[in-house]
Amino acid sequence: MIQSFFFYFAGATIISSILTVGLRSPVYCTLALLSTLLHVAGLFILLHAEFVAAIQIIVYAGAVLVLYLFVLMLLNLKTTETFLKQTWIALFFGVVIFVEILIGLFKSSIMTTNPLEATEAVTAAPIGNTETIGLSLFTEYLLPFEVVGIILLGAAVGAMVLAKKIPAG
Amino acid sequence: MAPALNLADIDLSLMAPELWMTLLSCIVISIDFLFPKFGKDKLAYLSLAGTSLICLQLIGFFASGKSGTLFSGMFVLDPLAIFFKIFVLIATLLIVLSSIDYINKAKYFRGEYYFLILFSALGMMFMSSANDFLSLYLSLEFSTFGFYVLVTYLRNDLRSSEAGIKFFILGVLTSSIIIYGISLVYGATGTIRFSELMNITPSLGAIIGLLFIFIGLGYKIGAVPFHAWIPDVYEGAPTPVTSFLSIAPKGAAFAITLRVILSTFSGMRSDWVWFMVGLAVLSMTYGNIVAIAQKNMKRLLAYSGIAQIGNILVGLAAGTKMGGDAILFYLLAYLFANVGAFAVVIIFSNLTDKDDIDDLAGLNRRSPFLAFSLLVFLLSLAGVPPLGGFIAKLYIFAAAINQNLIFLVIVGLLNIVISMYYYLVVVKKIYIAEPTDSSKIPISLPLRAVVYISLIGVFALGVFPKTFMDWSMAATEIFSNLALK
Numbered sequence: 038m039i040q041s042f043f044f045y046f047a048g049a050t051i052i053s054s055i056l057t058v059g060l061r062s063p064v065y066c067t068l069a070l071l072s073t074l075l076h077v078a079g080l081f082i083l084l085h086a087e088f089v090a091a092i093q094i095i096v097y098a099g100a101v102l103v104l105y106l107f108v109l110m111l112l113n114l115k116t117t118e119t120f121l122k123q124t125w126i127a128l129f130f131g132v133v134i135f136v137e138i139l140i141g142l143f144k145s146s147i148m149t150t151n152p153l154e155a156t157e158a159v160t161a162a163p164i165g166n167t168e169t170i171g172l173s174l175f176t177e178y179l180l181p182f183e184v185v186g187i188i189l190l191g192a193a194v195g196a197m198v199l200a201k202k203i204p205a206g
Numbered sequence: 094m095a096p097a098l099n100l101a102d103i104d105l106s107l108m109a110p111e112l113w114m115t116l117l118s119c120i121v122i123s124i125d126f127l128f129p130k131f132g133k134d135k136l137a138y139l140s141l142a143g144t145s146l147i148c149l150q151l152i153g154f155f156a157s158g159k160s161g162t163l164f165s166g167m168f169v170l171d172p173l174a175i176f177f178k179i180f181v182l183i184a185t186l187l188i189v190l191s192s193i194d195y196i197n198k199a200k201y202f203r204g205e206y207y208f209l210i211l212f213s214a215l216g217m218m219f220m221s222s223a224n225d226f227l228s229l230y231l232s233l234e235f236s237t238f239g240f241y242v243l244v245t246y247l248r249n250d251l252r253s254s255e256a257g258i259k260f261f262i263l264g265v266l267t268s269s270i271i272i273y274g275i276s277l278v279y280g281a282t283g284t285i286r287f288s289e290l291m292n293i294t295p296s297l298g299a300i301i302g303l304l305f306i307f308i309g310l311g312y313k314i315g316a317v318p319f320h321a322w323i324p325d326v327y328e329g330a331p332t333p334v335t336s337f338l339s340i341a342p343k344g345a346a347f348a349i350t351l352r353v354i355l356s357t358f359s360g361m362r363s364d365w366v367w368f369m370v371g372l373a374v375l376s377m378t379y380g381n382i383v384a385i386a387q388k389n390m391k392r393l394l395a396y397s398g399i400a401q402i403g404n405i406l407v408g409l410a411a412g413t414k415m416g417g418d419a420i421l422f423y424l425l426a427y428l429f430a431n432v433g434a435f436a437v438v439i440i441f442s443n444l445t446d447k448d449d450i451d452d453l454a455g456l457n458r459r460s461p462f463l464a465f466s467l468l469v470f471l472l473s474l475a476g477v478p479p480l481g482g483f484i485a486k487l488y489i490f491a492a493a494i495n496q497n498l499i500f501l502v503i504v505g506l507l508n509i510v511i512s513m514y515y516y517l518v519v520v521k522k523i524y525i526a527e528p529t530d531s532s533k534i535p536i537s538l539p540l541r542a543v544v545y546i547s548l549i550g551v552f553a554l555g556v557f558p559k560t561f562m563d564w565s566m567a568a569t570e571i572f573s574n575l576a577l578k
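Chains as they are written, first to last, in this note's numbering: chain A, 38 to 206; chain B, 94 to 578.
Hints listed in this document are in silico derivations from the structure and should not be mistaken for laboratory results.
Cβ coordinates follow ideal geometry from the N, Cα and C atoms, glycine included.
Hints should not be assumed to be uniformly reliable.
With a straight-line cut-off of 20 Å between C-alpha atoms, the simulated EDC-like cross-links for lysine to aspartate or glutamate are [to be verified]: (1) B:Lys200 x B:Asp446; (2) B:Lys447 x B:Glu527; (3) B:Lys388 x B:Asp451; (4) B:Lys159 x B:Asp104; (5) A:Lys202 x B:Asp250; (6) B:Lys198 x B:Asp250; (7) B:Lys522 x B:Glu570; (8) A:Lys201 x B:Glu255; (9) A:Lys144 x B:Asp364; (10) B:Lys447 x B:Asp530; (11) A:Lys202 x B:Glu255; (12) B:Lys198 x B:Asp446; (13) B:Lys135 x B:Asp250; (14) A:Lys201 x B:Asp125; (15) B:Lys522 x B:Asp448; (16) B:Lys447 x B:Asp194; (17) B:Lys533 x B:Asp194; (18) A:Lys202 x B:Asp125; (19) B:Lys521 x B:Asp449; (20) B:Lys130 x B:Asp194; (21) A:Lys201 x B:Asp250.
If you want a taste of the chain A side facing chain B, the calculated C-beta under 8 Å gives, among others [as the list claims (entries may be wrong)]: (22) Leu139; (23) Leu142; (24) Val185; (25) Val198.
Construct the entire structure; sequences and hints are all you get.
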């Protein structure tokens, strides 16, 4: 049962990500991207990572994609834009890197360990998944968390410098 | 086991410099919007005073041998981190000094400018202390964030906006490559801590992941073939920002690279050494040959910077403690010569709004002091005794010879000859050509200070290299186990 769900989500992710780069109209591309992100969220749920799945939907599907659509509508892009002819070079390098990663995957220990054992270890935690993430965010990973806060301050100032009207005189 | 954090056990004084820097940048931005009448020059001097105090504190840390890790090993303070923090802060001091005149001319967002300079410096200080892949990635983003805005600062100048967009897109692409590499390393080894990665047996997944991380870091330091953004961004950005961009992030990125390569993955040297050799040869040769054709002084310095990075990578390819020492020394020599050369360009373009090499013609008639300084800086970049650049190149090639990388040294020596040519073309312009406008060039006090400090630095590194070598050797103590191989 779970396996058939996995194949559905994984297959739909791959197909819609191909459509994301393959379709002509920017709006269709964005919608294909939305479908990719939703199916990836489904994969996360299969892995018992319901918090990551929720974040995936709220942040990517909710916030980022709406932003993309806004930009597309504001820019009023033409669908007949011509693209640089790089398909063959891109295909060549893409295939080389893909094969290299496949070889790496099959040679590493990921393939020999049973994925089911790994998921059981996670679900066996005494408290829920989300609580565990929250706890480690504020204890073990406190420093990165605080650093992100400072980065946001810088981003706010930066956005102002870039967007505010230049004061006269 | 529920994770726990006891703040009482944590010695926060280890990250005191970062905390002070955060406070200083917040004070600068607060004064800027709370008291709009407060002179913006005073904000620059406030930043200078604060940065110098933090620098003194770090020198105190170094003298007392303070070291340790914080937050379950994510943040490390050791002599190497202190060296690079002092390096970044010296660069910040010189850049704030060289910005004052330039930014006064622009007249807008001056307070925010100094805030963003301090903000980037803070990111680079975190970068020097990054001790796992998560803090590496975050601090890398942190420091480039400020630069995205600083590069685009001249909003009425189309070239500046273009440079900002290019820098942003390539920066984001680079970050995604790095984080993909990190995920591969994590998948293959199950950890992102440098201290734990030291003991893993190399697997193919980890090597491919490492390759992705190197490619990302290669973009950050601007090594060929990841250099494409450098000339356009350097030309379009405000000149003080170019000067900052050409030295401080490179230094901080080398702090990370040294830590990752020489300490964490030193066991995999046979896997990465060919990569470093290739990058070094390509960067040196490409940078120097393309520099010959440049007409713009900022582009010339950009290509010569690519070539200098190639020289530094020779030390990395050597992969020994001596290579590490040589890199630190080289970065110091490059700092003073490069910031000095850019200061001369800033002085000149403040007056004339031009930075083409042809405009520098007859500089000696207009200001003998500037002409002499530029001569010294360019000769140091080329590696002429008795200046800092000569000792630095000697040191780095000696480290390579010790590891039998004779081929690299030969390529390096040939490149010195090529680089001599285009540096001397500029020298010929400023000493022999006739000026089109023979009015004197006024030099303001802050910029005069930058030129004097850089001159002293270049000469001190060349005449008394022993002091600085001892310093860099003490800073790379963590690599001392490498000397045995």
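Against which earlier hints does the structure fall short, listed by number upward? Violated: hints 7, 13, 22.
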